[in-house]
Amino acid sequence: MPDHQLLSEIGLLNAQYARCIDNDELEAWPEFFSDPCVYSITSHDNYALKRPVGVIYADSQAMLKDRIASLRQANIYERQRYRHLLGMPLVQKSDGETVAAETAFAVYRIMRDGRTDVFATGRYVDKLRRKAGDRLSFAERIVVCDSSLFDTLLAIPL
Amino acid sequence: MPDHQLLSEIGLLNAQYARCIDNDELEAWPEFFSDPCVYSITSHDNYALKRPVGVIYADSQAMLKDRIASLRQANIYERQRYRHLLGMPLVQKSDGETVAAETAFAVYRIMRDGRTDVFATGRYVDKLRRKAGDRLSFAERIVVCDSSLFDTLLAIPL
Amino acid sequence: MPDHQLLSEIGLLNAQYARCIDNDELEAWPEFFSDPCVYSITSHDNYALKRPVGVIYADSQAMLKDRIASLRQANIYERQRYRHLLGMPLVQKSDGETVAAETAFAVYRIMRDGRTDVFATGRYVDKLRRKAGDRLSFAERIVVCDSSLFDTLLAIPL
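Chains as they are written, first to last, in our numbering: chain A, 1 to 158; chain B, 1 to 158; chain C, 1 to 158.
If we strip away everything but chain A, and leave its shape as in the complex, we get:
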């Protein structure tokens, strides 16, 4: 019997995560993670072949914060906007303490001149844990992109 309450809870967390990025509230983004944590962006092919890590890797909130700081300095983010559309999460395993879940995503990029394109599609492969206040957080979020063709500007969180 699937736990619909848990599904709704993860769906909500995912929506808040997406909103944080899309509304350019990036300084709040590391808060979605446990500490230590794993955040990584990779491609389907690399993930399937169990190749070490992807184009982006961080294992603590401090590293996530650093990333945002560099982003702000590089001023890349301000030149474009993003929009995440997410699927319904699928729970693979839940043992009370850790939840393994997977969620499909599509991210659109909107350039300053207004052009919109599909920036990336893929799935989040997540391990979730409860933080203080019973709030779910990402102990691990592997962003598995369908395409191996990464934009060289890829510095924004997905």
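Hint data in this document are derived by calculation from the structure and do not stem from the laboratory. Everything hinted at is true.
Here are the simulated SDA-like pairs of lysine to any residue, each with C-alpha atoms no more than 20 Å apart in a straight line:
| hint | chain 1 | residue 1 | chain 2 | residue 2 |
| --- | --- | --- | --- | --- |
| 1 | A | K65 | A | S34 |
| 2 | C | K127 | B | N23 |
| 3 | C | K127 | B | L12 |
Sample of chain C residues facing chain B (criterion: CB under 7 Å; computed from the structure):
| hint | residue |
| --- | --- |
| 4 | L85 |
| 5 | M88 |
| 6 | S147 |
Which bits of chain A does chain C cover? Going by a derived footprint, with three or more residues having C-beta under 8 Å, they are:
| hint | segment |
| --- | --- |
| 7 | 4–11 |
| 8 | 87–96 |
| 9 | 118–125 |
| 10 | 143–149 |
Virtual Cβ for every residue (Gly too), placed ideally from N, Cα, C.
On the provided structure of chain A, position chains B and C as indicated by the hints.
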């Protein structure tokens, strides 16, 4: 503690709203709103700068009905189809009477010749109120598009 | 009063269905259907005009399995990946035994060289029935694509 029942209810309303437009049942579209109401389409930049109103503005069901009537006369709608994909709603505030919520969207446009493109992405910034029969309706729906580049044909409801 | 539990259950089934295709676990795909069943891909125009059937039609699990076998042989699937993003299901009718529901979809195609495009948008028009173990299955899934422009390679399940 988030109210998952309310989230599901708003998600359902949003799905019905999208279906109404995408299935070309536009005459039923004004029924999703309270009367009076606010329906407006604007861009992220204008919304962030609190500029008065966007490209489209209506404040009553009568105005919404007028818009549909002109659309039908102009025959624009028949030349293309739309498809909405929506995120999970996020409730910002709920005081029993009014619910403030936000929902991400992507709208695809399918031309008569079959070409499909991403027509618009953005978020609905909503105030919801209960109508007779306890049904939720939009007292206010601000359609905040990510891009400022509006199609000059933009006459369809988003 | 909408049955939010049922909506969540159908949403989950749809997410599992999408994951099965997008993760290239096609051999498990026929299991989502009842036997006999109806699986058909058609266009909005053909569906609206009640024209017999669409480009693809199957009425048993055996036919669905055949389709996957040919796909594997033709080796088409391996050259590209897909990503489904789905809307929230809308229940039209539920009489305890059969549930009639509709769900919006967008499918992206990711080519081997990394290019991503919107492959198809549309809606699933479904009749669901419970299988052994109380699990929902598709007694009928009509894939109604918004566009009539079908890729000649259309052989993958949508």
